[in-house]
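Colleague: Respectively, the protein sequence lines represent chains G and L. No gaps in the numbering here: position 331 of the first sequence is 1248 in my numbering, and each next residue is one more. No gaps in the numbering here: position 113 of the second sequence is 156 in my numbering, and each next residue is one more.
Check each hint, because a few of them may be wrong.
Stated by the list, open to error - Beyond 10 Å from chain G on every Cβ pair, some chain L residues (computed):
#: 1; residue: P245
#: 2; residue: A255
#: 3; residue: H449
#: 4; residue: R498
#: 5; residue: D524
Claimed, not checked - Each computed PhoX-like pair below joins lysine-lysine, with the alpha-carbon atoms no more than 25 Å apart:
#: 6; chain 1: L; residue 1: K441; chain 2: L; residue 2: K346
#: 7; chain 1: L; residue 1: K285; chain 2: L; residue 2: K346
#: 8; chain 1: L; residue 1: K212; chain 2: L; residue 2: K346
#: 9; chain 1: G; residue 1: K1219; chain 2: L; residue 2: K512
#: 10; chain 1: G; residue 1: K1204; chain 2: G; residue 2: K1242
#: 11; chain 1: L; residue 1: K281; chain 2: L; residue 2: K291
#: 12; chain 1: L; residue 1: K97; chain 2: G; residue 2: K1205
#: 13; chain 1: L; residue 1: K291; chain 2: L; residue 2: K264
#: 14; chain 1: G; residue 1: K1204; chain 2: L; residue 2: K97
#: 15; chain 1: G; residue 1: K1242; chain 2: L; residue 2: K264
#: 16; chain 1: L; residue 1: K346; chain 2: L; residue 2: K281
Hint data in this document are derived by calculation from the structure and do not stem from the laboratory. Every residue, glycine too, gets a C-beta built ideally from N, C-alpha and C.
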Amino acid sequence: MADFIPHTEAETREMLSLLGLDNLEDLLSVYAPSMAASSLPDLSPLGIGQDERTLLEWFSSRGERNLPASRAVVFRGAGAYDHFIPAAVSALVGRGEFLTSYTPYQPEASQGLLQAIFEFQTSIARLYGMDLANASLYDGATAMAEAVLVAVRETERSVVLLSEGIDPECRSVLETYLEGMSVRVEIVPLKGGTTPYSVLAARVGPDVACFVGSTPTFLGTVDQFDGFSELLHGSGALFIVHANPHSLALLKSPGEWGADLASGEGQPLGLPLSSGGPYLGLLSARKKFVRRIPGRLAGLTKDREGRPCFVLTLQAREQHIRREKANSNICSNETLLALQALVYLSLLGPDGLRRAASGSWSNAHELCARLQAIPGISLINPEADFFHEFVLELPVDADALSRHLLTEGILGGLPLGGLLGPSWSRRMLWCATELRTEDEIARTVEIVRLSLEK
Amino acid sequence: MSLQLSGVEEPGSTRPPMEPTLWQKSRPGARGVFPPGVSPETLEGRFPERLRRKAPLSLPELSELDVVRHFTRLSHLNRGVDTHFYPLGSCTMKYNPKIMDRIAEIAGFRDLHPRSEPEGMQGLLEVLHTLEDSLGHLLGMEAVTLAPAAGAHGELTGILIARRYFESKGDRNRTEILIPDSAHGTNPASAAMGGFTVRVLPSGSDGGVDLAHLAESLSEKTALVMMTVPSTLGVFEKDLLKMVEMVKASGALLYMDGANFNAFIGLLRPGDLGFDIVHINTHKTLATPHGGGGPGSGPVGVKAHLAPFLPSPRIRKEGDRYSLVSPETSIGPIRSFIGSSLVLLRALGYLRMLGGEGLRRVALYALLNANYLRARLSGTLPRTGSGLCAHEFVLSAKELGAEGLHASDLAKEILDAGYYAPTISFPLIVPEALMIEPTETESKETLDRFAEDFRRIVEIARSNPERIKGAPRRTPIARPDEVAAARDPVLTDPASLHVS
């Protein structure tokens, strides 16, 4: 219906006449000889244009078909978390000056976004306890893969040690990224939910580029890396920590563990679940890797008249300058989502973030205690600490329980059989964030109890 | 380097004031939004001390109004399509329809957990499957993946697909990718990430690929030839069909960088032209907002023989039911979850709102606007290429070198005239390039005004170059020292180190 083409017929004619053309189709001569005007493709499968109301109705009705899950009470995490998002976040991020701008190539016309990127880099570097952060990558999985690529380039070694605690999907994405390279991924198993120092110590060597640990792990446990940094650095390898930013309000940061690089998924910082995207890849690093890391960087400088201001900097690392020798091919990233995370962090402040994280910890531990009290249910890795996710062993098939919970309006823990194999088919990864209420927890526990009694 | 952003207007200045940083405005003890949760003290005795963060949590402390004013002021220091004509070549900065913002806000999508069971996400899978189909029709491709998060990510995906394809045929000798020197930098960077060696194809005098060089470069080692259509000079290769034939004969695959899809959406289909793989950028052609550097989305279409290698998960439709599958032959996942869904919803909204005929008008008017503006600018600066251009064109400011001016100097004066600037210094093969892409959503009136201003600016550049060197005068800052920024990079706010 609408095509957002503002020309009146008279204007179109006038413009064509300046070009010495009679009609729009005369412009198709640009494509000769690849196309004769008669060979225009059949566009009937695209349908006829719709007005706003019809369009919105079509999408709304499809949205309704997702309702069982999108309106459910969410006790599922596994890489995507249902957190509180203040109303001011979307009000600010939706401003057209930000939303409809391009990468800030002209600093004079882009100071707002450049400053926001600089502030985002600052907040992520401080949260992760690192010296610096970039302007964002696509998502947590690709951020981790890019961190690994930094280590591979830096060390020129060919083995990547990956904790079993890394989200298996992140591992698969890393393997896809490494497809064209002679780099091997080896898994360092968890024991009781944490990475044993002795296992890593037995494996490090001159072929190892890096070890990647996760905190919390995919299974929710809080891994601990005492001595890892010294061990890895002693053998010339790098230490990468993939961490959930929400948890870092309370948990030891990658910087405190001595990491060289840290990655993470920024979705918990004010981004809705969004059917899986767009999300926000976080990458932070020690200062010595500043010329190695991929992605945009906003830096402080002065303008010609001495005013402090911001620019995209160290572009010599990037594809538009270095081409095949660039640190990465990344160009468009997730800047608007970085702005969103920054607005979220500014609104909550340190106290608010600690309060939300404490709520998540507290709710998850309450939920775990109550579910564990149901006969037949047990916590795996009971000796390990967890943050806001934990795995329960059930006396029944986890998929069946999950489907039953959905009929009750609850998106329960994630059944793990599909991801981790048949031996996990009775295991569920539960999550509770600060948003879950006492009533929601009580009702869910009761429904689980009743379903197991049947 | 000190960071004293005053936030106060300079007396007598034509420049709007800058805004202090969040940390400069931070007031210890100030509270913003009070989120659900519990006070950390309530965890005392339960939360294990050895896990506790000891490092300060140096986030700013501000009231909600402080935060709202901060970001609103920052927005005033930023130009977008909503506020300014944005002729940034190769970026297709067209109007982003507001109705699509509404679609992305529908709770059934916005609040859907990506690890929901397929029965809870039938609406999402239907929408995405519909978009795959629609793009397949527009691209002339048998299969489409929506997974890539941006154009460059789509390139990497396509390149890994090509790698798998040749592996599946037991052909391990094809280690090279041929890329024209006029290509976007992402092309060679993606090829390198995919583990290939890049061979550069030099452009001929008309900016097109030199056929003799192509013939010389093609061999049994060539895996892929990456072409941008129309080229980054805004020129459609006159020998395209011949080139396609040569590449096919060599056994290599043909990749189209569809960044310039706006020039031919609904007019030509990459599949019909003989391409095996194509990526497009939804944030260019399909009007999804670029957000100052993303989110983008880079769907990739392939011919049937490459479909088995598309990234997982794939959406499968059986009857009226949709599910997600991960075929053995897939290159594997290229990112988390299914795709940048909220971006893809907007893209489908755009396709449905315009319909087939509307999309064809998009390309025709993109051609009209570019050619009209090109004609209005004739006689200002020399253009690379001749005759009709596609959706954009490239001027060279090289001759102003005699006045000591660069393309970047003109760009600053263009900012002062109330526009965003054209792309400068790209493509690399044109000295002092100014790449101009008006898009179809700009009115004749805007183009006329821009043409007049541009002509005036070039005249000033010739008569009074010093004036141009003094630009910009109306922007909050002028000519940041990029060398100093890179010499000793300050990438985080020093004030954040003093917060406890």
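Colleague: Of the hints given before, which are not true for this structure?
Modeller: 5 and 6
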